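Asker: Each chain, written out:
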Amino acid sequence: MTAATSIILSRAREQVLERGEGLSEEQVLEVLQLPDSELDALLELAHEVRMRWCGPEVEVEGIISLKTGGCPEDCHFCSQSGLFESPVRSAWLDVPMLVEAAKQTAKTGATEFCIVAAVRGPDARLMAQVAAGVAAIKDAVDINVACSLGMLTPEQVTALAGMGVHRYNHNLETARSHFPNVVTTHTWEERWETLRLVREAGMEVCCGGIVGMGETLEQRAEFAAQLASLTPDEVPLNFLNPRPGTPFGDLEPMSGPDALRTVAAFRLALPRTVLRFAGGRELTLGDLGARQGLLGGINAVIVGNYLTTLGRPAEADIDLLGELEMPIKALNETL
Amino acid sequence: MTAVEPGPGTTTFCDRCGAPAGEGDHARCARERELEPPRFCPECARRMVVQVDPFGWTARCSRHGTCSSAAVER
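Residue numbers (this note's numbering), protein chains in the order written: chain E, 1 to 335; chain U, 1 to 74.
Keep in mind that the hints are not guaranteed to be accurate.
Restraint-style ranges between C-beta atoms, simulated for each label pair [as the list claims (entries may be wrong)]:
1. E:Ala330 with U:Thr66: 34 to 44 Å
2. U:Ala19 with E:Gly162: 25 to 35 Å
3. U:Thr12 with E:Trp192: 44 to 54 Å
4. E:Asp94 with U:Gly65: 13 to 23 Å
5. E:Gly82 with U:Leu35: 42 to 52 Å
6. U:Ala19 with E:Ala330: 46 to 56 Å
Computed footprint of chain E on chain U, listed as stretches where at least three residues anywhere in the stretch have a Cβ under 8 Å from a Cβ of chain E [to be verified]:
7. 26-39
8. 47-55
To be clear, the hints were calculated from the coordinates, so they are not data collected in a lab. Small disclaimer: the values here were computed from a predicted structure and weren't measured. Don't be surprised by glycine CBs; every beta carbon is placed ideally from N, CA and C.
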């Protein structure tokens, strides 16, 4: 360890671990630039921070696509855009299947079930389907229901809160400076406005993004700092899984060490936030990644499959939590 | 409903890319399929309507019916 890297880690230890104050953008960049030889020490520190400020519990969530494909937006990473030559076709899920998926998710011990739709924002038909689905799930299953339905109007935010949706996901996706390279059909600021409305309505704010979309390390640090300024309740961290037919379909997946360094850096920027392992981890980190991430700052996982791609079997992650002696967060302990 | 058998190289068309299974190299398709549901009907190469849920998937071809991860795993 050089004197310079030693200073970066010891300062982070004092600032984040001891005082609970997240790293600044400049400090996150220093962490992202640490060499691979310092990765183990960095992950160990991030794990200590997570244990100190969040505890050993892990929040488990399942997600499902209520409305798949045919989206009018051009998010360059997404196979569900109707603007690209993607093999993903439009599909709608009915309420009985939604309830069944929630039941199966709850059986894993999960406390979160997130209903997702590939839309710019919900129309009346989608809001009606969500209302019916949330009510049916609440009747049948003891699980928190979250939603991710794109950009919302104030009236829609109020309606979702009234349905009992406890958390709303809307990712900023990437740094503000990189966003125009990722999405051109709406702005980063429009997304921020929805997040502001969600918080005002009293729902928990879930906001993260995808790393490995061609952003620089400086922009990755910028993104961490922008998320920290939002103070979200949860940050889902995805790693780009290049999808056929999308503008980012030919990008290389980020390396395992880069992905783990990003996990640790985001934990050090957001010491008290639920930091969730989300899509792309299987591709980027393989089976060992779940263990390394959970011992490197992660304290939440999406179990099972994602929206259009497959994940590790849920039982593999649940078994791993048992092995690591990390209890699944109980329903009454959620935020 | 028909249970069509997915799997690149095992039928007429690759269920990941939709190209003829007997033409070209589908080794990458086979690798990618470990983390993806099928997207193309292996019998006719039509794009299928696919629903992924946390524990499985179903894929429906308008001509050849529906297959599912449950059927494949049986």
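Asker: All the hints need checking, so say for each whether the structure fits it.
Answerer: Each hint tested on the structure:
1. E:Ala330 with U:Thr66: 34 to 44 Å: 37 Å, holds
2. U:Ala19 with E:Gly162: 25 to 35 Å: This hint is violated: roughly 49 Å between Cβ atoms.
3. U:Thr12 with E:Trp192: 44 to 54 Å: Holds - the Cβ-Cβ distance for threonine 12 (chain U) and tryptophan 192 (chain E), about 49 Å, lies within 44 to 54 Å.
4. E:Asp94 with U:Gly65: 13 to 23 Å: Given a distance of about 18 Å, which is inside 13 to 23 Å, the answer is holds.
5. E:Gly82 with U:Leu35: 42 to 52 Å: With Cβ atoms ~23 Å apart, the hint is violated.
6. U:Ala19 with E:Ala330: 46 to 56 Å: Since alanine 19 (chain U) and alanine 330 (chain E) have Cβ atoms about 49 Å apart, the given range 46 to 56 Å holds.
7. 26-39: holds (count 5)
8. 47-55: holds (count 9)
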